[in-house]
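Let the sequences and hints guide you as you build the complete structure.
Single-letter residue listing:
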Amino acid sequence: MHIPDGFVPPQLCIVGYGLSGLVTWHCLRQVNRQADPAAQMPKAALLAAAFFVASSIQIPLPPMSLHLVLNGLLGAVLGYYAFLAILIGLFFQALFLGHGGLSTLGVNAIIIGVPALVGHGVFQLRRWLPRSLTPAIRYGVSGFLAGAIGMALGVTFFISLLIFAVPVGFDVATERAALLTLGIAHGPLVIVEGVFTALLVTFLQRTKPELLNGLVTLSPKDHPQGSAMGVSGDRLCD
Amino acid sequence: MRLTLDTYAGLQSPLHRWWPRAKLVGLGLLILGFASVQTLQLIPLCLLVTIVLYGLSGLPWSFLRSRLRYPGLFLLGMVIALPLLSGSTLLWQWGPFAIRQEGLLAMGLITGRFLSIVTLGMLLLGTTPLLTLIDTLVSLGLPPLLAEMALLSYRYLFDMADQLDVLRQAMCLRGFQPRGNRRSWHQLAAVMGTLLVRSYEQSERVYKAMRLRGYGHGRRQSPQLRGWGQPVDLAATGLCATISLILIGLQVWFAVPSP
Numbered sequence: 001m002h003i004p005d006g007f008v009p010p011q012l013c014i015v016g017y018g019l020s021g022l023v024t025w026h027c028l029r030q031v032n033r034q035a036d037p038a039a040q041m042p043k044a045a046l047l048a049a050a051f052f053v054a055s056s057i058q059i060p061l062p063p064m065s066l067h068l069v070l071n072g073l074l075g076a077v078l079g080y081y082a083f084l085a086i087l088i089g090l091f092f093q094a095l096f097l098g099h100g101g102l103s104t105l106g107v108n109a110i111i112i113g114v115p116a117l118v119g120h121g122v123f124q125l126r127r128w129l130p131r132s133l134t135p136a137i138r139y140g141v142s143g144f145l146a147g148a149i150g151m152a153l154g155v156t157f158f159i160s161l162l163i164f165a166v167p168v169g170f171d172v173a174t175e176r177a178a179l180l181t182l183g184i185a186h187g188p189l190v191i192v193e194g195v196f197t198a199l200l201v202t203f204l205q206r207t208k209p210e211l212l213n214g215l216v217t218l219s220p221k222d223h224p225q226g227s228a229m230g231v232s233g234d235r236l237c238d
Numbered sequence: 239m240r241l242t243l244d245t246y247a248g249l250q251s252p253l254h255r256w257w258p259r260a261k262l263v264g265l266g267l268l269i270l271g272f273a274s275v276q277t278l279q280l281i282p283l284c285l286l287v288t289i290v291l292y293g294l295s296g297l298p299w300s301f302l303r304s305r306l307r308y309p310g311l312f313l314l315g316m317v318i319a320l321p322l323l324s325g326s327t328l329l330w331q332w333g334p335f336a337i338r339q340e341g342l343l344a345m346g347l348i349t350g351r352f353l354s355i356v357t358l359g360m361l362l363l364g365t366t367p368l369l370t371l372i373d374t375l376v377s378l379g380l381p382p383l384l385a386e387m388a389l390l391s392y393r394y395l396f397d398m399a400d401q402l403d404v405l406r407q408a409m410c411l412r413g414f415q416p417r418g419n420r421r422s423w424h425q426l427a428a429v430m431g432t433l434l435v436r437s438y439e440q441s442e443r444v445y446k447a448m449r450l451r452g453y454g455h456g457r458r459q460s461p462q463l464r465g466w467g468q469p470v471d472l473a474a475t476g477l478c479a480t481i482s483l484i485l486i487g488l489q490v491w492f493a494v495p496s497p
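Line by line, the protein sequences give chains A and B. If you read the first sequence in the working numbering, its first letter stands for residue 1, the second for the next number, and so on. If you read the second sequence in the working numbering, its first letter stands for residue 239, the second for the next number, and so on.
Please note that a few of the clues may not be correct.
[Unchecked claim] Simulated crosslink set (SDA-like; lysine to any residue; CA at most 20 Å straight-line): (1) 208/A <-> 389/B; (2) 446/B <-> 389/B; (3) 446/B <-> 36/A; (4) 446/B <-> 34/A.
Calculated directly from the structure, the hints in this document are not laboratory data.
In structure tokens:
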């Protein structure tokens, strides 16, 4: 789901850099509003590295296997840091693996990063689900939706760019067939991404619930017992 | 996973000696010029400039081959259908298969641009240590928080990759065979989750260690990265800007229909 170098016109590369610059500015502004942004930076950086490595794990889906993008989960765990982490991850992917590209870094950041921020919003749904449901179900459902919607949005951006921005002169019938084929090919990916995000979120909710707090430093006023690190897992889950 | 790129950053060549700030701006402008090419006639010029620069860099050709293998296959997968599906002028036909001129030209254009830009990217990163490159980006206005995140991520990428290898080995030793069933997915999710939990716990220790060493009390920029280097460095950047402008000018000239 990465657009390589030389694939799209330069105007789009420039627009991509401009838009991703704006989103980066907004995310940095939100991050700097926190009580101690420097305290969360190492967590965001190490988790970004862990996500980069985790996305290299092959998921078997007979008769093939695939890699996950994990943008919905990144949004759920990192909050506003997710876009920054994705920007860095894409930069490293372009350098180390030749996946994506330096000229298309901005475009790819929008394709994957904006859905991650949407995934962050969708994951907040867990607070609105009925309290009668167990935390595992609430986290699982909101995790599935964050992962699936994040991926579906990313795929939609990617296919739209491929079809409308790459000047290859397809006729209408071929264009429609290509759109349909790409859509059908990416359909299972959306489901797999959603299921895996749900599985991972429920795993984290059981083992390290503070990780699902979106790297937000809670002020002592909100939590008289102490900072986010001191808040018990049960309290974070419920 | 190959996570090193600046293996040859210690060589001595004109590109290695080029001042990092001037090099970043010069090669960035050249990438912009190459990306603006929409006419196949200009592709040989782009490739020629790329080959000359690569030759000047002293980087081994095997380095380029090894780095182009994966993105090349990816690109091939994306453009292989173009001559078969795009355009109306038939060049060759055999049953339902037909090679079309417009698709073939689009494939050549995209592949040429891709090869030139990717090679320039490799030149930039193959001749400059990554840490210097990130410091250069900071000196050009990259937010320091983003740079610190990038440096720390880069530092721990190797650790994470090692941890994943250990986890994989442990799973293999316990007889895990990845299958497409529910149990297998649960186990893979647990592996990814474990990696995230470990990295989170490690990040807390790292942050405390950084804090003890004065993190959060300002950061001095390396004086090496101030300024734009010697006149020859600026001249090289100017040459790149000129080539880029010539390419854009030629592109506009080709795009204007003749009377």
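| said: For a C-alpha distance cap of 20 Å, please report whether residue 446/B and residue 34/A respect it. | reply: The hint holds at about 18 Å.
| Does the structure keep residue 208/A and residue 389/B at a Cα separation of 20 Å or less? | Status violated; Cα separation ~26 Å.
| Satisfaction of hint between residue 389/B and residue 446/B, Cα-Cα up to 20 Å | holds, 17 Å
| message | Given the hinted pair residue 446/B and residue 36/A, is their Cα-Cα distance within 20 Å? | response | Holds, at roughly 14 Å.
Hint 1 from the earlier list is the only one contradicted by this structure; the remaining hints agree with it.
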